[in-house]
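Number of protein chains: 2
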Amino acid sequence: MNSEETNNNLSQLGEFGLIDRIRNQVSDSDSVAVGIGDDCAATIIPAGELLLTSKDLLIEDVHFRRDWTDMYHLGRKSAAVNLSDIAAMGGKATHLFLGVGLPKTLTATEIDQFTSGFIDEANAAGATLCGGDTCRSNGSLLISVTVHGSISPEHLLCRDGAKQGDLIYVSGTIGDSALALAQLQRGETPAAYLGQRHHSPTPRLELGQAIAKNNLATAMIDVSDGIFSDLGHILDQSQLGAQLIQNQFPLSDAARQHLKNNPQDAETALRGGEDYELLFCAPALNNDKINQLATELGVPLTQIGSCVPASQGLTLVDAAGQQRPIQSTGFNHFR
Amino acid sequence: MNSEETNNNLSQLGEFGLIDRIRNQVSDSDSVAVGIGDDCAATIIPAGELLLTSKDLLIEDVHFRRDWTDMYHLGRKSAAVNLSDIAAMGGKATHLFLGVGLPKTLTATEIDQFTSGFIDEANAAGATLCGGDTCRSNGSLLISVTVHGSISPEHLLCRDGAKQGDLIYVSGTIGDSALALAQLQRGETPAAYLGQRHHSPTPRLELGQAIAKNNLATAMIDVSDGIFSDLGHILDQSQLGAQLIQNQFPLSDAARQHLKNNPQDAETALRGGEDYELLFCAPALNNDKINQLATELGVPLTQIGSCVPASQGLTLVDAAGQQRPIQSTGFNHFR
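Chains as they are written, first to last, in our numbering: chain A, 1 to 335; chain B, 1 to 335.
Worth flagging that the hints you see were computed from the coordinates, not collected in a lab.
Worth double-checking, as some hints may not be accurate.
Unchecked claim - Label-pair ranges, simulated between beta-carbon atoms:
hint, chain 1, residue 1, chain 2, residue 2, range
1, B, W68, A, P300, 53 to 61 Å
2, B, S27, A, Q164, 30 to 38 Å
3, B, A266, A, P46, 35 to 43 Å
4, A, N214, B, L297, 50 to 58 Å
5, B, S11, A, G165, 54 to 62 Å
6, A, D120, B, E267, 41 to 49 Å
7, A, S311, B, N138, 38 to 46 Å
8, A, G165, B, N215, 58 to 66 Å
9, A, N9, B, Q327, 18 to 26 Å
10, A, N215, B, G161, 40 to 48 Å
The C-beta atom is built at its ideal place from N, Cα and C for all residues, glycine as well.
Pulled out of the complex, with its shape left as it was, chain A reads as follows (with noise of 0.2 Å):
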């Protein structure tokens, strides 16, 4: 057998080696004083900022599928994913750990590929990956994903600040990740365009930076598990409700189109999570404000809604016109 083969077998390499092989792929960072390889990492948070933190399992079979993904976007989204969260209270992205239970089938190339995917998208967001934990599974794929980030403290943005009267904004487009997930799971294949934003989410950093230092914010959220459900938590914890417009909300072309020919799932777009956008509540008069940072940054930032006291909960005016209450649960894991 030839090294390349030997080393293809994940007992072959060992736990050690396949530690020894993600920190190879790694470069150095400043914020870095103890990366992979010692019982903790130690890294250097800016002197006088928050230091914020998250964290996300992806279990095979719960948050995704091998057969509908390959190994280097699933490495992609996990990474994409968790700094999301890091993006939706303003922060900047500093370090990523990762822990994976891995199924005795995986091969170390399949590994490779997901590590590469974590990498590139840990670089994009300018974060270092320095630490983490690898281990057998008897089943499934498990990840198990921590992000850092900071941010200094005025200008942290949590859930709990939006005032009635704010205006409810949302980036990019919406339901694009739902609709490809509802084809997938009906065994069709996804347009292009809706299969990339499924599998390969963008976290708003740079987006939700610029909306924190620029205080444009009363609260804001990375839309999950989907603008019901994730809008629900900024109105649980404002203590209002919200009053939100079907026919602004932010569609792809791909979207459309999917839609004309499957009216069907015109709830699944509206209701659906995993778009990984920013949802934000702003006073009105930052209006011409987000318009223009919309422009500065390329990004679509649309009004969809308005904050109204709690007493009228949250409601949706149809495609029809029509006022109707929503539930706002999304994505419940334990139903």
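Got chain A sorted already, so can you dock chain B onto it with the hints?
Relative to chain A, chain B alone:
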């Protein structure tokens, strides 16, 4: 159905109900600007200190079996094994993050027991649970923990600082956990003390900090994979060999009693991991101070060997006085 029955059902409780339930068990902390319930936690790292981060995946039937432990102690151990990594760098534990993938069969009561154990262990370490992730698992119970700590840069203890001639010490006793595990694997009931050491290890945080603050050691690691494997990491990174003396290995009374009745387990006691004791190297001139620290803290610190040139490798003078080479590999997850 009364509300207690309703709430014991995860599907009824829901993801956000469960998160609320966990949040209600956590005390406030001055170092937490934003805790459970936003996109990220926002925490405060002491000015001038390095951030220490470690993460561990614990997978059912790989790292633990639910028929061998109760949920409360599984919670404690999940926190403890992570906190031990902070101890191994000499750091102070500050914050914990908990991700769980929950099988459908788990009741809310069982999850409460688990989180109670986790939070009790966090509190004992002076650390605050301030975020995480909850989702459904199709199969095993999955636990993903991230721990944060902090330390002054000048006190940081890594694996690469050991010097030729340094003495090698280990805290507490070793082999207890591995002997309990061997018995569980054979369907036997371990002695109470050995079982407790396996199911409820104590992270040596106070000891680790004292060793670091007093500059007593040159390199340190916690014993998770086994003495030979963990010392192997120090030797690799410090480019050294070591000679260990088996008769000096500190064994508990319970382990000695067990080995009297089960002499076939001698190698298990030597090689086994999960004691979560601290293993460190120190110049011989620090020996008196180390003995004094052991007395002050009431934790045995035993010299078990010394560092030699790398060319001599890792050897053990066994119980019969014979010197033999040791393969430093401990637990390899991918074998």
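Evaluated hints:
1. B/W68 with A/P300: 53 to 61 Å: Holds: the Cβ-Cβ distance is about 55 Å, inside 53 to 61 Å.
2. B/S27 with A/Q164: 30 to 38 Å: Because 32 Å falls inside the window, the suggested range holds.
3. B/A266 with A/P46: 35 to 43 Å: Since B/A266 and A/P46 have Cβ atoms about 52 Å apart, the given range 35 to 43 Å is violated.
4. A/N214 with B/L297: 50 to 58 Å: holds (52 Å)
5. B/S11 with A/G165: 54 to 62 Å: violated (37 Å)
6. A/D120 with B/E267: 41 to 49 Å: holds (45 Å)
7. A/S311 with B/N138: 38 to 46 Å: Taking Cβ atoms as reference, A/S311 and B/N138 lie about 41 Å apart, which means the hint holds.
8. A/G165 with B/N215: 58 to 66 Å: With Cβ atoms ~59 Å apart, the hint holds.
9. A/N9 with B/Q327: 18 to 26 Å: Holds, at about 20 Å.
10. A/N215 with B/G161: 40 to 48 Å: holds (46 Å)
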